[in-house]
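Since the structure of chain S is provided, determine the placement of chain H on it from the hints.
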Amino acid sequence: MSDKPELVIVSLYPRDMNIYGDRGNILSLTRRASAHGYEPRVIDLNVGDELPEHIDIVIGGGGQDSGQARVAADLAGRAGQFRELADAGTPMLVICGLYQLFGHRFVTASGATLEGIGVLDVETRGGAERMIGNVVVESADFGEIIGYENHSGFTVLGEASEPLGRVTQGAGNNPDDGTEGARTGNVIGSYLHGSLLPKNPAISDFLIETAALRRYGSFEPVASVDPTVERARASAKRRPR
Amino acid sequence: MRDFFSAAVGKAVRAAARLRGGGSALPGLVVERLDPGFMARGLARLPLGVIAVSGTNGKTTTTKMIVEMLEAQGLTVFTNKTGSNFSRGVVAAMIGESTAAGKLQADVAVLELDEAHAMFFIERVKPRFTLLLNVLRDQLDRFGEIDTTARYLQRIADATTDVLVVNREDRLIAEIGDRTRERAAAGSGPEVREFGLAPALLSTFPGDDDFHVVPGQAAGDAATDPATDTRGAADVTLLELGKNAATFLIDGEAHSTPLQLEGLYNTYNAAAALVTVRAVLERAVAEGADTSARTTEVLEALSTVRPAFGRGEKLELDGQPLELVLVKNPAGFRLGLASFDAEGVAVMIAVNDQYADGRDMSWLWDVDFETLRAGGVDTVTGTRAWDMALRLEHDDVPVGSVEEDLGAALSSFRAQTQGRPRRIYCTYTAMLGLRKRLSEITDVEEI
Numbered sequence: 001m002s003d004k005p006e007l008v009i010v011s012l013y014p015r016d017m018n019i020y021g022d023r024g025n026i027l028s029l030t031r032r033a034s035a036h037g038y039e040p041r042v043i044d045l046n047v048g049d050e051l052p053e054h055i056d057i058v059i060g061g062g063g064q065d066s067g068q069a070r071v072a073a074d075l076a077g078r079a080g081q082f083r084e085l086a087d088a089g090t091p092m093l094v095i096c097g098l099y100q101l102f103g104h105r106f107v108t109a110s111g112a113t114l115e116g117i118g119v120l121d122v123e124t125r126g127g128a129e130r131m132i133g134n135v136v137v138e139s140a141d142f143g144e145i146i147g148y149e150n151h152s153g154f155t156v157l158g159e160a161s162e163p164l165g166r167v168t169q170g171a172g173n174n175p176d177d178g179t180e181g182a183r184t185g186n187v188i189g190s191y192l193h194g195s196l197l198p199k200n201p202a203i204s205d206f207l208i209e210t211a212a213l214r215r216y217g218s219f220e221p222v223a224s225v226d227p228t229v230e231r232a233r234a235s236a237k238r239r240p241r
Numbered sequence: 001m002r003d004f005f006s007a008a009v010g011k012a013v014r015a016a017a018r019l020r021g022g023g024s025a026l027p028g029l030v031v032e033r034l035d036p037g038f039m040a041r042g043l044a045r046l047p048l049g050v051i052a053v054s055g056t057n058g059k060t061t062t063t064k065m066i067v068e069m070l071e072a073q074g075l076t077v078f079t080n081k082t083g084s085n086f087s088r089g090v091v092a093a094m095i096g097e098s099t100a101a102g103k104l105q106a107d108v109a110v111l112e113l114d115e116a117h118a119m120f121f122i123e124r125v126k127p128r129f130t131l132l133l134n135v136l137r138d139q140l141d142r143f144g145e146i147d148t149t150a151r152y153l154q155r156i157a158d159a160t161t162d163v164l165v166v167n168r169e170d171r172l173i174a175e176i177g178d179r180t181r182e183r184a185a186a187g188s189g190p191e192v193r194e195f196g197l198a199p200a201l202l203s204t205f206p207g208d209d210d211f212h213v214v215p216g217q218a219a220g221d222a223a224t225d226p227a228t229d230t231r232g233a234a235d236v237t238l239l240e241l242g243k244n245a246a247t248f249l250i251d252g253e254a255h256s257t258p259l260q261l262e263g264l265y266n267t268y269n270a271a272a273a274l275v276t277v278r279a280v281l282e283r284a285v286a287e288g289a290d291t292s293a294r295t296t297e298v299l300e301a302l303s304t305v306r307p308a309f310g311r312g313e314k315l316e317l318d319g320q321p322l323e324l325v326l327v328k329n330p331a332g333f334r335l336g337l338a339s340f341d342a343e344g345v346a347v348m349i350a351v352n353d354q355y356a357d358g359r360d361m362s363w364l365w366d367v368d369f370e371t372l373r374a375g376g377v378d379t380v381t382g383t384r385a386w387d388m389a390l391r392l393e394h395d396d397v398p399v400g401s402v403e404e405d406l407g408a409a410l411s412s413f414r415a416q417t418q419g420r421p422r423r424i425y426c427t428y429t430a431m432l433g434l435r436k437r438l439s440e441i442t443d444v445e446e447i
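Keeping their order, the protein sequence lines are chains S and H.
Taking full-length UniProt numbering, the leading residue of the first sequence gets 1, the next gets one more, and so forth.
Taking full-length UniProt numbering, the leading residue of the second sequence gets 1, the next gets one more, and so forth.
Extracted from the complex, chain S is given alone in its bound form:
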């Protein structure tokens, strides 16, 4: 047993929702948490599994439409639990498919409706066109966010959610309003995979700091800037859409 303070990270539906690199977010978050002096403990939550008693951070990714339907049904049964966790300030990061399901609903391109759990004030419609390519987002909270998007969901924000940032390259939530992602309290939704966290440690730090403050009442950042991260960010930013 390590004497470092632990952080319990719940990885949502890794079996169905890990279509493209979302595993990297868990890998990166746990590395960053260790670098800050914590002992991360990752608990996978798949369809039918029981939620652990204590949760410090929740993180989830994207899947295919078929996996998303299975997950939507399971998630609906836990909507109350997740809303409670969110209201209590638990930091969460949900990407793509789970971003959509953390909103009110997702109406697929074929017209079927997947009910979401309404933690984020967003609604999504499946569109005919996919929004694909390198993305750069300006965020007041996290500075410049760099990633990659690949989705056909067309998401619109309501008043209770702020956008994560403004797109300076790419589509983001939809092709029209220039916003990317959504944030309500400590819950962040985004279309950026790529994976998001390895190249955007500011978001990892936010999740870790918020979790540490809630659980231990203090947070002393220890991890430093990683030169490889800086180079990867600069290089990805130069790539054409």
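Don't take each hint at face value.
Listed next, with one range per pair, are the computed distances between beta-carbon atoms [as the list claims (entries may be wrong)]:
no., chain 1, residue 1, chain 2, residue 2, range
1, H, 178, S, 51, 43 to 51 Å
2, H, 40, S, 128, 48 to 56 Å
3, S, 230, H, 441, 50 to 58 Å
4, H, 175, S, 143, 39 to 47 Å
5, S, 127, H, 290, 53 to 61 Å
Where chain H lies over chain S, by a calculated footprint (3+ residues, C-beta under 8 Å) [what the hints assert, rightly or not]:
no., segment
6, 33 to 41
7, 225 to 234
Some, not all, of what chain H presents toward chain S, calculated at C-beta under 7 Å [as the list claims (entries may be wrong)]:
no., residue
8, 147
9, 262
10, 354
11, 355
12, 360
13, 362
14, 366
15, 389
16, 390
17, 393
18, 428
Treat the hints as calculated values from the structure; they're not laboratory data.
Positions of the beta carbon are idealized from the N, C-alpha and C atoms, including for glycine.
Below, chain H alone, put in the same frame as chain S:
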């Protein structure tokens, strides 16, 4: 007469394009515009018709295996070996192989078809035989979802007239086989044949369904338990893997053969090629062709097939072997890492994100690089070199140097790894770029 004119125009465009150092598909594009029926007419005349090879991984090498095995049985085979697997590439190749009268002289065509462009192709030509290899996560920036790719492959299966060959161990492909079998039972649909793996080998070939498996933990949990494997025999089953050798179960009998091919996936795809060749030769014999379908002869031909360019291709540089291993998606990279022993070999990784590579590099996070930890990676290069370096850092793999420019990276890799065997894992356009530079300093087979 039409064929004559189209072929003549195509040959003229090809000559002109070559003078200007132009691309191989241009004559195909021109003829396709002038004479949209050229390809269908030419291919329809072939006595054994068209064999289509599709799937996300391994098309080029598998197509090469089928071609060489059929040629060894005395058949004249037309193929699109430049790897230009769009229809204009097929048309361009047809122009090159046609007689002055515009006639394509061959018994059969073996065509590698890109999943999406195959839709255009099958509207014009129905394959008699189709081989579906796999549906792995690849090029999701083009197709969006793996289910979309599977639907494309289903439509190729639906267009097939005689025999559909499917991978029994790939869930989505096996389902296409099941649906086709149901259709055949109802009176319309091709015969379905399978290639498969012995239960003991299932865990060696993790599919996308196994991706949730935690790093370090054995993959293949979702695979069939050998003790309860009640499935019937596949037409050809890969029983055992050796170093440059394999054992296949064919008609209840085990056949061992040496192979020039390396890599687990190439060996499994050899089983796929064997099923296809057996089906074609059986039909050929039934239709009176002067050939045989003896397993030993077919295996002998297989044993001499060398990998297609860049797919486990072996070169020599500074008196040491240099291997090029093409990696395009997580399953392919995982198999590439598992297929080649990391010990004692200098390693370079070259990752580009051009269209032909797939623009989205997120999949690198789905590959486990721990096997490279002990030896490290000497050089990382390509347009996404820093993403690759960051990925390796997350698996605690030491990296010697990072240099985005392929040429500079190759020079420093060469200088720093003198006297050691070398291996380069590379994406498609990085492979083409490196081959071009390598051809200036050592022997590289022309393509």
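Hint by hint, here is what the structure shows:
1. H:178 with S:51: 43 to 51 Å: violated (37 Å)
2. H:40 with S:128: 48 to 56 Å: Because 30 Å falls outside the window, the suggested range is violated.
3. S:230 with H:441: 50 to 58 Å: About 34 Å separates the Cβ atoms of residue 230 of chain S and residue 441 of chain H, which means 50 to 58 Å is violated.
4. H:175 with S:143: 39 to 47 Å: holds (46 Å)
5. S:127 with H:290: 53 to 61 Å: holds (57 Å)
6. 33 to 41: violated (count 0)
7. 225 to 234: holds (count 6)
8. 147: Since chain S brings a Cβ to about 6 Å from residue 147 of chain H, closer than 7 Å, the hint holds.
9. 262: At 28 Å from the nearest chain S Cβ, residue 262 of chain H fails the 7 Å test, so the hint is violated.
10. 354: violated (10 Å)
11. 355: violated (11 Å)
12. 360: Cβ of residue 360 of chain H sits 5 Å from chain S, so the hint holds.
13. 362: Holds, because the Cβ-Cβ distance from residue 362 of chain H to chain S comes to roughly 3 Å (cut-off 7 Å).
14. 366: holds (6 Å)
15. 389: Where the cut-off is 7 Å and the nearest Cβ of chain S is about 5 Å from residue 389 of chain H, the hint holds.
16. 390: holds (4 Å)
17. 393: With a minimum Cβ separation of about 5 Å from chain S (threshold 7 Å), the hint on residue 393 of chain H holds.
18. 428: violated (17 Å)
Against the hints set out earlier in the document, violations occur for numbers 1, 2, 3, 6, 9, 10, 11 and 18.
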